[in-house]
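Q: Take the position in the sequence shown, starting the count at 1, then add 5; the result is the number in the working numbering.
One should not assume that every hint holds.
[What the hints assert, rightly or not] Here are the simulated lysine to aspartate or glutamate pairs, DMTMM-like style, with alpha carbons at most 25 angstroms apart:
{"#": "1", "residue 1": "Lys153", "residue 2": "Asp172"}
{"#": "2", "residue 1": "Lys180", "residue 2": "Asp217"}
{"#": "3", "residue 1": "Lys50", "residue 2": "Asp102"}
{"#": "4", "residue 1": "Lys150", "residue 2": "Glu178"}
{"#": "5", "residue 1": "Lys153", "residue 2": "Glu69"}
{"#": "6", "residue 1": "Lys186", "residue 2": "Asp205"}
{"#": "7", "residue 1": "Lys184", "residue 2": "Asp207"}
{"#": "8", "residue 1": "Lys153", "residue 2": "Asp193"}
{"#": "9", "residue 1": "Lys180", "residue 2": "Asp193"}
{"#": "10", "residue 1": "Lys150", "residue 2": "Asp195"}
{"#": "11", "residue 1": "Lys150", "residue 2": "Asp130"}
{"#": "12", "residue 1": "Lys184", "residue 2": "Asp133"}
{"#": "13", "residue 1": "Lys39", "residue 2": "Glu69"}
{"#": "14", "residue 1": "Lys153", "residue 2": "Asp217"}
{"#": "15", "residue 1": "Lys180", "residue 2": "Glu157"}
{"#": "16", "residue 1": "Lys39", "residue 2": "Asp102"}
{"#": "17", "residue 1": "Lys180", "residue 2": "Asp130"}
{"#": "18", "residue 1": "Lys186", "residue 2": "Asp207"}
{"#": "19", "residue 1": "Lys153", "residue 2": "Asp130"}
{"#": "20", "residue 1": "Lys153", "residue 2": "Asp205"}
{"#": "21", "residue 1": "Lys150", "residue 2": "Asp49"}
{"#": "22", "residue 1": "Lys184", "residue 2": "Glu157"}
{"#": "23", "residue 1": "Lys150", "residue 2": "Glu69"}
{"#": "24", "residue 1": "Lys50", "residue 2": "Glu69"}
{"#": "25", "residue 1": "Lys150", "residue 2": "Glu220"}
{"#": "26", "residue 1": "Lys150", "residue 2": "Asp102"}
{"#": "27", "residue 1": "Lys186", "residue 2": "Asp172"}
[Stated by the list, open to error] Here are the computed distance ranges between Cβ atoms for each label pair:
{"#": "28", "residue 1": "Ala51", "residue 2": "Ser165", "range": "31 to 37 angstroms"}
{"#": "29", "residue 1": "Met17", "residue 2": "Gly189", "range": "44 to 50 angstroms"}
{"#": "30", "residue 1": "Glu52", "residue 2": "Lys186", "range": "42 to 48 angstroms"}
{"#": "31", "residue 1": "Ala14", "residue 2": "Tyr60", "range": "36 to 42 angstroms"}
{"#": "32", "residue 1": "Val96", "residue 2": "Gln56", "range": "18 to 24 angstroms"}
{"#": "33", "residue 1": "Lys50", "residue 2": "Leu12", "range": "28 to 34 angstroms"}
{"#": "34", "residue 1": "Ser64", "residue 2": "Ala93", "range": "19 to 25 angstroms"}
{"#": "35", "residue 1": "Ser64", "residue 2": "Gly16", "range": "33 to 39 angstroms"}
{"#": "36", "residue 1": "Met17", "residue 2": "Val138", "range": "19 to 25 angstroms"}
The set of hints was computed from the structure by calculation and includes no laboratory data. Beta carbons are placed, not taken as given, at the ideal position from N, Cα and C, and that holds for glycine.
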Amino acid sequence: VVADGTLTATGMGPVTVVAEQAGNDLYEPASVTKTFNRPVVLPDKAELLGQWPPYPNGSALGVEVQGTVAYVVLGGAGLQVYDVSNPAAVVRVGGFDTPGYAVSVAVSGTRAYVADGSAGVHVIDVSDPAAPVIRGTVATGGDAKVVKVSGETVYVAAGSEGLVIVDASNASEPKVAGKFKTNGSAVDVDVTGTMALVVDDDWALGGVHVVDVSEADRKS
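Using the sequences and the hints given, assemble the complete structure.
A: Here is the structure:
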């Protein structure tokens, strides 16, 4: 736009300006072309005004079902809760967008335990499935990859940190109660009785480790 002798660019990116002047008895006609790039200027602060769908969504990486409620972890979208009472018409009822990358979930009573990658493990109150609330978080050292729960004890396959055992009896202050360091990276875990079976991906010394967890600080 040209106004009062001032040229103003109204678009972003490359802008090409052509200036032309007709000739006369003294001067030949002239034409000059100039191209320059007008950068995109980002605001100092961005504000989310809306989105569609009206909730975070991502890659489904894990699920646990309690009755007619399904708890699904969706990577960057955290924990999402669905009503599956009618399998032909699954309905989302609520969710909580965790700060990390949610990859696994275990549910016990009114709590959901979410393995959130480098952000550790979160204890989430799901007593109201429509409005999950985070109660506490514990750092696991390595990336929390898979989580299993027995009572108020949480077993975490925590990558380079191996098996991490978490005491979640106090939901607001979960704490590490014990660890078992595997040879490589712990990528999965399951628990039966007083034994935890930990899958380690070390190509030479990995495999499945059977760990006695009858005492949280015992390594055998």
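Q: In this structure, is the beta-carbon distance linking Ala51 and Ser165 contained in 31 to 37 angstroms?
A: 35 angstroms Cβ-Cβ, so the 31 to 37 angstroms window holds.
Q: Need the status of pair Lys186, Asp172: alpha-carbon distance at most 25 angstroms?
A: holds (18 angstroms)
Q: Decide if the proposed pair is consistent with the structure: Lys150 and Asp130, CA atoms, cutoff 25 angstroms inclusive.
A: holds (20 angstroms)
Q: Quickly compare the C-alpha distance for Lys50 and Glu69 to 25 angstroms and report which way the hint goes.
A: violated (38 angstroms)
Q: Within a Cα-Cα threshold of 25 angstroms, do Lys150 and Glu178 meet the stated pairing?
A: holds (21 angstroms)
Q: Is Lys153 close enough to Asp193, meaning Cα to Cα at most 25 angstroms?
A: holds (9 angstroms)
Q: Take a quick look at whether Lys180 and Asp193 sit within 25 angstroms of each other, Cα to Cα.
A: OK: Lys180 and Asp193 at ~20 angstroms, within 25 angstroms.
Q: Keeping to a limit of 25 angstroms between CA atoms, is the pair of Lys153 and Glu69 held or broken?
A: Measuring from Cα to Cα gives roughly 11 angstroms; hence the hint holds.
Q: Would you check the hint for Lys153 and Asp217, treating anything up to 25 angstroms between C-alpha atoms as holding?
A: holds (15 angstroms)
Q: Quick one, are Lys184 and Asp207 close enough, alpha carbons at most 25 angstroms?
A: With Cα atoms ~18 angstroms apart, Lys184 and Asp207 stay inside 25 angstroms; holds.
Q: Is the distance from the Cβ of Met17 to the Cβ of Gly189 consistent with 44 to 50 angstroms?
A: Since the Cβ atoms of Met17 and Gly189 sit about 48 angstroms apart, the hinted range of 44 to 50 angstroms holds.
Q: Does the structure keep Lys153 and Asp205 at a Cα separation of 25 angstroms or less?
A: Roughly 16 angstroms separates the two Cα atoms, so the pair holds.
Of the numbered hints stated above, those contradicted by the structure are hints 12, 13, 16, 21, 24, 36, listed in ascending order.
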